[in-house]
Amino acid sequence: MKPQSIFLLVAVLGLTPIALSYGFAPAISMNYLFGIDASPINVTHIFRAVMGLYLALALFWIGGALIKKYRLPALYSLVVFMLGLAAGRVISLVLDGMPHWLLFVYLILELGFGLVGLKMVHNEQSETV
764 MKPQSIFLLV
774 AVLGLTPIAL
784 SYGFAPAISM
794 NYLFGIDASP
804 INVTHIFRAV
814 MGLYLALALF
824 WIGGALIKKY
834 RLPALYSLVV
844 FMLGLAAGRV
854 ISLVLDGMPH
864 WLLFVYLILE
874 LGFGLVGLKM
884 VHNEQSETV
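Residue numbers (the working numbering): 764 to 892.
Hints listed in this document are in silico derivations from the structure and should not be mistaken for laboratory results. Check before you lean on any hint, since a few could be wrong.
Said to hold, decoys possible - Derived pair list, reagent style DMTMM-like, types lysine to aspartate or glutamate, alpha-carbon separation capped at 25 angstroms:
| no. | residue 1 | residue 2 |
| --- | --- | --- |
| 1 | K831 | E890 |
| 2 | K765 | E873 |
| 3 | K832 | E890 |
| 4 | K765 | E890 |
Note that this is a predicted model, so its numbers are computed, not measured.
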């Protein structure tokens, strides 16, 4: 298996538990992890929508890992997703201050995956030319 495919699958393995922690039982997990009351229906709805987005991307990344014609688009989507999340977290750091330590860890991971993803995009493009 190519490094780009392995990278996509590692991202899926990391993102899936985060997605499930957001949306499977948000009233329990958000309170436990961050002290957030996610019991109102609208809050639960938002967290489950986020879970759906994360899981949909994870499925696309699995497809990219397994099917060559989807690999480059999957890598691009991973880079946009990770660096987009990281950018939002950096803005929040500047405007709101330091969040829970786990959210700061997410920022570091998102930056790392986004930057490595850029390298994987380059590698994939080099091999297809």
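Going through the hints against the structure:
Distance hint between K831 and E890 is fulfilled; the C-alpha atoms sit about 11 angstroms from each other, no more than 25 angstroms. A threshold of 25 angstroms between alpha carbons decides the hint, and for K765 with E873 the separation of about 22 angstroms falls inside it, so the pair holds. About 13 angstroms separates the Cα atoms of K832 and E890, which keeps this hinted pair within 25 angstroms; it holds. Taking the CA atoms of K765 and E890, the gap is near 11 angstroms; set against the 25 angstroms cutoff, the hint holds.
Every hint, counting from the list given before, is met by this structure.
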